[in-house]
Each structure stands twice: as C-alpha cells, then as structure tokens.
Amino acid sequence: MSDARAHYLNAGHSMRSWLLTKDHKRIALLYLASVTALFFVGGSAAVMFRLQLLTPHGHLVLPETYNKLFTLHGIVMVFFFLVPAVPTVLGNFLIPLMIGAKDLAFPRINLLSWYLFIAGAALALGATLYGGVDTGWTFYTPYSSVFSNTYVVATVMGIFVAGFSSILTGLNFIVTIHKMRAPGLRWFRLPLFVWAIYATSFMFVLATPVLAMALLLVGLERVLHLGIFNPALGGDPLLFQHFFWFYSHPAVYIMVLPAMGVISELIPCFSRRRLFGYEFVVMATFGIAFLGFLVWGHHMFVSGQSAFAGLVFSFLSFVVAVPSAIKVFNWTATLYKGRIRFHTPMLYALGFIGLFTIGGLTGLFLATLGVDVHVHDTYFVIAHFHYIMVGGSVMAYLGGIHYWWPKISGKMYPDALGRWAAVLIFVGFNLTFFPQFIVGYLGMPRRFYMYPPEFQVYNVFSTAGASILALGYLLPLGYLLWSFWYGPDAGDNPWGASGLEWKTSSPPPVRNFETKPVVDEEPYDYEGGRYG
Amino acid sequence: MRFVPPLASVIGSQVDGLFWFLCGLSAFFAALIAGTILFFCIRYREGADADRSHPPPRNLPLELTWIAIPFAIMLGVYWRGAQLFLRERKPPPDAQQVLVVAKQWMWKTQQSNGRAEINELHVPLGRPTKLLMTSQDVIHSFFVPAFRLKQDVLPDRYTTLWFTPTRVGEFRFFCSQYCGMGHASMIGRVVVMRPKDFEKWLASGRTPGAPQEQDPGRILFRRKGCVACHRKVDGQGPPLEGIFGKTVLLSDGRTIVADEDYLLESILYPAAKIVAGYPNIMPSYKGQLTPEEESQLVSYLERYGTGRQKEPRP
Ligand SMILES: [Cu+2]
Ligand SMILES: [Cu+2]
Numbered sequence: 002m003s004d005a006r007a008h009y010l011n012a013g014h015s016m017r018s019w020l021l022t023k024d025h026k027r028i029a030l031l032y033l034a035s036v037t038a039l040f041f042v043g044g045s046a047a048v049m050f051r052l053q054l055l056t057p058h059g060h061l062v063l064p065e066t067y068n069k070l071f072t073l074h075g076i077v078m079v080f081f082f083l084v085p086a087v088p089t090v091l092g093n094f095l096i097p098l099m100i101g102a103k104d105l106a107f108p109r110i111n112l113l114s115w116y117l118f119i120a121g122a123a124l125a126l127g128a129t130l131y132g133g134v135d136t137g138w139t140f141y142t143p144y145s146s147v148f149s150n151t152y153v154v155a156t157v158m159g160i161f162v163a164g165f166s167s168i169l170t171g172l173n174f175i176v177t178i179h180k181m182r183a184p185g186l187r188w189f190r191l192p193l194f195v196w197a198i199y200a201t202s203f204m205f206v207l208a209t210p211v212l213a214m215a216l217l218l219v220g221l222e223r224v225l226h227l228g229i230f231n232p233a234l235g236g237d238p239l240l241f242q243h244f245f246w247f248y249s250h251p252a253v254y255i256m257v258l259p260a261m262g263v264i265s266e267l268i269p270c271f272s273r274r275r276l277f278g279y280e281f282v283v284m285a286t287f288g289i290a291f292l293g294f295l296v297w298g299h300h301m302f303v304s305g306q307s308a309f310a311g312l313v314f315s316f317l318s319f320v321v322a323v324p325s326a327i328k329v330f331n332w333t334a335t336l337y338k339g340r341i342r343f344h345t346p347m348l349y350a351l352g353f354i355g356l357f358t359i360g361g362l363t364g365l366f367l368a369t370l371g372v373d374v375h376v377h378d379t380y381f382v383i384a385h386f387h388y389i390m391v392g393g394s395v396m397a398y399l400g401g402i403h404y405w406w407p408k409i410s411g412k413m414y415p416d417a418l419g420r421w422a423a424v425l426i427f428v429g430f431n432l433t434f435f436p437q438f439i440v441g442y443l444g445m446p447r448r449f450y451m452y453p454p455e456f457q458v459y460n461v462f463s464t465a466g467a468s469i470l471a472l473g474y475l476l477p478l479g480y481l482l483w484s485f486w487y488g489p490d491a492g493d494n495p496w497g498a499s500g501l502e503w504k505t506s507s508p509p510p511v512r513n514f515e516t517k518p519v520v521d522e523e524p525y526d527y528e529g530g531r532y533g
Numbered sequence: 016m017r018f019v020p021p022l023a024s025v026i027g028s029q030v031d032g033l034f035w036f037l038c039g040l041s042a043f044f045a046a047l048i049a050g051t052i053l054f055f056c057i058r059y060r061e062g063a064d065a066d067r068s069h070p071p072p073r074n075l076p077l078e079l080t081w082i083a084i085p086f087a088i089m090l091g092v093y094w095r096g097a098q099l100f101l102r103e104r105k106p107p108p109d110a111q112q113v114l115v116v117a118k119q120w121m122w123k124t125q126q127s128n129g130r131a132e133i134n135e136l137h138v139p140l141g142r143p144t145k146l147l148m149t150s151q152d153v154i155h156s157f158f159v160p161a162f163r164l165k166q167d168v169l170p171d172r173y174t175t176l177w178f179t180p181t182r183v184g185e186f187r188f189f190c191s192q193y194c195g196m197g198h199a200s201m202i203g204r205v206v207v208m209r210p211k212d213f214e215k216w217l218a219s220g221r222t223p224g225a226p227q228e229q230d231p232g233r234i235l236f237r238r239k240g241c242v243a244c245h246r247k248v249d250g251q252g253p254p255l256e257g258i259f260g261k262t263v264l265l266s267d268g269r270t271i272v273a274d275e276d277y278l279l280e281s282i283l284y285p286a287a288k289i290v291a292g293y294p295n296i297m298p299s300y301k302g303q304l305t306p307e308e309e310s311q312l313v314s315y316l317e318r319y320g321t322g323r324q325k326e327p328r329p
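Protein chains in written order, with the working numbering: chain A, 2 to 533; chain B, 16 to 329.
It is possible that some hints are incorrect.
[Stated by the list, open to error] Here are some of the chain B residues that sit facing chain A, going by a computed Cβ distance under 8 Å: (1) 19; (2) 35; (3) 128; (4) 156; (5) 160; (6) 163; (7) 192; (8) 195; (9) 204; (10) 208; (11) 211.
Since the hints were derived computationally from the structure, they do not count as laboratory data.
It should be emphasised that the depicted structure is a prediction, and the values quoted were computed from it without experimental measurement.
For glycine and all other residues, C-beta sits at the position ideal for the given N, C-alpha and C.
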C-alpha cells in the first residue's frame, strides 16, 4: 500500500478507525478476521476429537471432554462460521459494489451487527472456557433443558444474541438490494451472487427468530423449571426438535445458497461464458429458499413423529433436491464452448461442484424413508452434511476469497501455491469424509467417544485425511496474509471479469466509485471474450 | 474389511436392496456430471483449438429434460422408501412382545413372562418380535444395524420397533441418540436363538418354586383390581379384551385409535378421554405405579384378550 491513491484501507490507520467504521468494506474485513479465528477454533476441536477416534478406546480425552469438543465444534462451525461466513464477509464487501452503491442502506446497523456477532461469540466461547457445554449443537431436550450439568444457558444466549446479527444483516441486504441498485441495473441483470444473498436474507429474517425463541425457551426451562419440553412437567421434547429444525434445515440453505452464488460468479468468469440458464438458476435459488422451509421433519423420521408426517416430509425433501440439481447442470453447461482457465478460484469452483454433487446425491439416501431409518444418526449423516457444508460451503467460501482477494486487498497471492492448496484440501477432504459413509452404513453412531474395533480402519482414514485437510487450510491463511502486505499489486481487474465490482479500482475507494455507475449490459458479459 | 454390516432381518435385505440401487444411481449421476465436466475442461481449456461459435445462453427443452428425468426417478425411490417405512411401522398382530426401558446409560429388556435382562435381548428366529419402548430420562434411540432398524425412545411416551430375525447369532445394538456422558457405552447385543432354544432360555429365567404366573403386567392387572370394573359384560368400565389397535368412540363424539399412549393416558388420567356410554368414575393411577409398572401394564393390555396374554406361542 505504497501508492498515494486513497482507498478504504489507507483511509485511517487507528484502531478507532476500524472499530467504529461504518464502511461496509472495513466491516467485511472485521468479519473476515473474526470468522477466520472462529474457524480455527472449531477446527482445533475437530483435530482433537479426530485424534481421540484414532483408536477404539481413545484415551486421549475423557468422555465428558469428548462430548464438549464435538459440541464446541458444531456450535462454532455452524453458528459462528458457516452461517455468517459468505454473507457477512463476501456479502458485506461485495453487495454494494456489485449493485453500484456507496454502502449498505444502514451502515450503523451493519456495524451493530458485527458487535452483536462478537458479543454472541464471546458468550458462547466464554461458556466454553468456563467449562463447556456437552449437549451437541442440536440441544435436544430434555437432555439440554434438564439433565445436562454444563453451561447451556450462557451458550444458548450467545447463539441468541448472534441471531440478531443475522436478522439485522438480512434486513440490511434486503433494503439495500431493493433501494440502492445503480441506474439500469434491473432485477434480471443482477449477478447470481446478489440474488443468492437476497434469498438468503429472507431466510435469515424468517427462520432465525424461531431458533432464537426455541433456545430462549430451553434457557427458561433450565432456569425456571417450566414444563415446555420436559415431559416430567407435561412438556413435549419433540416440540423442541420441530422448532430447532424449522430453523436448522433452512440454515443448511443459508450456508449453501450464498456458496452457490459464489460459484455462479466463478464459473462464468473462468469459462468466458454467460452463465447458462441464468433465469433457471435464479428461480432455482428461490425454489430452494422456499422449499427449504417445508422439509424440517426429515430430521425426525425416527423421532416418534407420525408415519404420515414422515411420508410428507420425505416427499418434500425429494422435491427440494430438484432445484439443486438444476444448478449443478447449469454450471456444467456453462463450461460448454468456454475458454477455460484453471486459476485457484476455478479449482475451488470445480471442486465445489464435485463435492456438492456427492453431498446432494447422498442426501437422497437420507430423504428415502426406509434407508434413513438405518443410517439416521450414524456417520453416514456426518459424511453427508460435511460434503454439503465443508465440501460445498467452505470450498465456495475459499474460492470466493481467492477470487475477490485482489479486489479486497489490491494484492495478488502466489497462484501456483493457491492451486496446490486447493488440491490438498480436495484430497484431504475426501479422505476424511468418504470413509464415514461406509462406517456409517456399517452402523457406527455419531457422538461416540469410543467404538467397537470393527470400525477402526475407517476412523484411521478419517483422521489421516483430517491432518491433510488441516494443512490445506493453513496454507491459504499463510500466503493470503503474506500477500496482504508483501504481495505484488493486482491491478483493478486481474481476471478480466465482468461485474460492477471490477469496474472500480482495487482496493476500492471509500465511496466505492468515483462516478456513479450506470448499467447498460446484461450480466456475465463475457461472450467471445479473452482474458484481461 | 467390511462394507456392510451383517444382515439378520427380513426388512434388512429390502433396505439393502434399495441402498444398493441408490448407490448405483448416485454413481451413475456422479460419473455423468464429473465426466462431462472433465470432458469440457479438456476440450475447452484456454489453449485448445475448439469450435466455440454460437454458445447457447439457455435451452428450454434441455432444462425441462434435466428437471423431469431426475424427478421421475426420485419419485420411484421415494415410493419404494415409503413402502419399506410403512412396513417397518406396522407390526403384525401376532408379534411376541418385549418391553424395553432405556435410561442413562443402560438398556433394560423384559420378556412378557417377566424375564429381564440388562443390555441384552434374546429373541426367537423367524418369529416377529415387537419392542415396546420407553425411557426414564432423556431421549435415547434403539439401533440394531444388523436389522437395519432404529427408533428413538422417549420419556413418558411409547414407541415401537418390530422385526423378524433371519439369522441365529449375536448382533450389536447401540444407543444412537446422544444422551450424555455414557452415550457410547449404551451398547448391547441381540441374541437370536432357534425357537426351541429360545423357549428353553425363557423358561430358565423362572426361579424354581415361584408361582406359575410371572407376567408382571398380568400380576398388576389382577392386583390393582382392574377387572372388577373392566368386565367382558356389564362392567362399569369398558371391556378391555382386544382393545389394542381398536377405534374407540369417545363421549364427545370423537374417535381415537387405542394405541400405547392412549392406554397409558387412560390409566394415569382417566378423565381425559371418556369412552362413549360409560360414566367418568375411574380414579387416576398417577403416582400409584412406577414408570416400569406402567409400561408392564400397557404391554399386558396390548396382549389382553388376544390369546397371547400368557406366553409366546410354543
Ligand atoms: Cu434438513
Ligand atoms: Cu442413550
């Protein structure tokens, strides 16, 4: 950052200029730092329990500790990494740039959202330092509300507070996308990433309150001994599961839709093609967002829910698979007659399609009633949702970070090293999680701190894979940080990409654009294009 | 190295069949997508000399095709899965019954003649067995991989699981719903025996010299004097012979199927649902029975008047 040109990074160097900033780009970086730290917290927990599972009678940690480790991993990764990562980092940074606005509609509320997020994370992690929680990230009652002797209340309050961050962020995006698009940027000229964040924002606003309420009730039941979920006092433990999954199934799409939005940017850019079937991909986005609210009961086929409910939820779960399939097919078709380059972001995008496809296909096993009865709550489920959330969301997140890093930092990272890291992550991921499909079908239940010896060989593969994966994740952390200070200047548009965010300088000026942009072209205007 | 667990139930082979079909289907689609991507990536890589004229921005028939074909296949899979599920949910009326009580962190099973076991379950080969399950604390789940079956076990409620074993041997069962510190040690074994051996095993649990009658539910039914009112004819309360699974007309005009939860509710809170034509006079038994006794009584009522109340068929 030696150049004299003013941009958002050199607009102030004091702590205060960061912590009280209202600039969406700086807030995005605050989120980037926070979710990265939280990702490595959640990851360390995973490393520890993977080591425990190396042997059937793992003696590394006590059972109580093991239970707290997987709970910490789940809570941090879901609520404090996967849910916020793409929307708050990439969404915050890019939405105003992509629609030609100078900031989000409510910059102060945007900053407030970050503080709420930090407060929530501090509460939840504070509870961990104090002694931890052992309920699993699912907080099933009456275990969580009556029987567990751990710090449940502080943890659920942490998630409750962070939930408001999600809700406010969602509202902010919705208003911004409605009201602040540049002249000429009609709805059907919006990049898919904006559509995805828009749909996700509705899910934030509609689903998060249900989770907040359910967790609040768990807290109240613990403190005041109410009989809401506790059957001994006339409560219904299944009611909690309904509340919980009413949020947590849509939450899967909160994690996946923005990721799909990222992929829909990367594939056209590195194929030099317009996104194939743009309208279908948009409609599929909303199909997923809508249907995602109607399938929560597929987590409860063996819970004691009625057989009829099982039939309905199973059917709807098959229906929600269709729009995801549409997207995969359209991305694939975008490559046709393209001019494909394999930069780091593109490798992540291709990896995403592969892993997300496997995750989606194995989701069909779980939607199938007769098969789910066997594999439910086994490692098959663990493998499936890691393919979606890690193979899908995390790959897309990293792809997005690598793609927009030149815009964010103004610097370029070593692309060859980036490609190696992407391959390492892909290999490590598959080695970690593919064996879990098999050990799951063999019958190994989840959340076991020890297990019968016949499951060991698969667990050894998983642990080996996890160490490769850990290395794969550390590499980008290293070279991205390095490039931020020492990397070569990237130029304004190193990929020759379309989209308004590439029309301004890198890093962008505080007000984003020197002159208010006017849009007169369709999205993904790459036809016949060469690179930069 | 095993890829599938041992198989020991009738439904299990049907589940495996569907599972392998899904594996094949997934492999086909995964290969199709990966193959296409790979092909495009090679054919249209930047340096390659390929025909790139008139790239299509969209193609409606293509979109409709790749919506319709996967959806049609999925409908078939859905239907087959639903069929198996409904089968798993409908125990045959002649199934022999075992009571399963879960608590942190053990399983207690009890045959209808009163023989009880901890973390073990003996069942006869080739005969349907139905488990009537409840928990004394948190939610657990009874999972027998070899039968390809599991069912959550809830406090203050009954859930059931049934199977017909097809192989003699010992098979693991697990608790598959996280239930606290000892979750991973809630492991037991199902012992499938030839019917003759099973009868012998069942009888061997009887202490010599003890009275013939050992069905704990039947003993309770007598001791609590249920039959004084619930007589076959002219009782003050409705007759209970063969009540289980029947549709009952209530005094407010509603009807209800008499399942385990209804039976339990009627013992604990008799006034909640009054059978049409009978006075509301039964006292509540809430607090008079231990949870275990409640389960034994419900289990007995399920078999009452069906010719199966004594012991499983010889
Ligand atoms: Cu779900
Ligand atoms: Cu248990």
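Quick one: which hint numbers does this structure break? Sort them smallest to largest.
-> 2, 3, 9, 10 and 11
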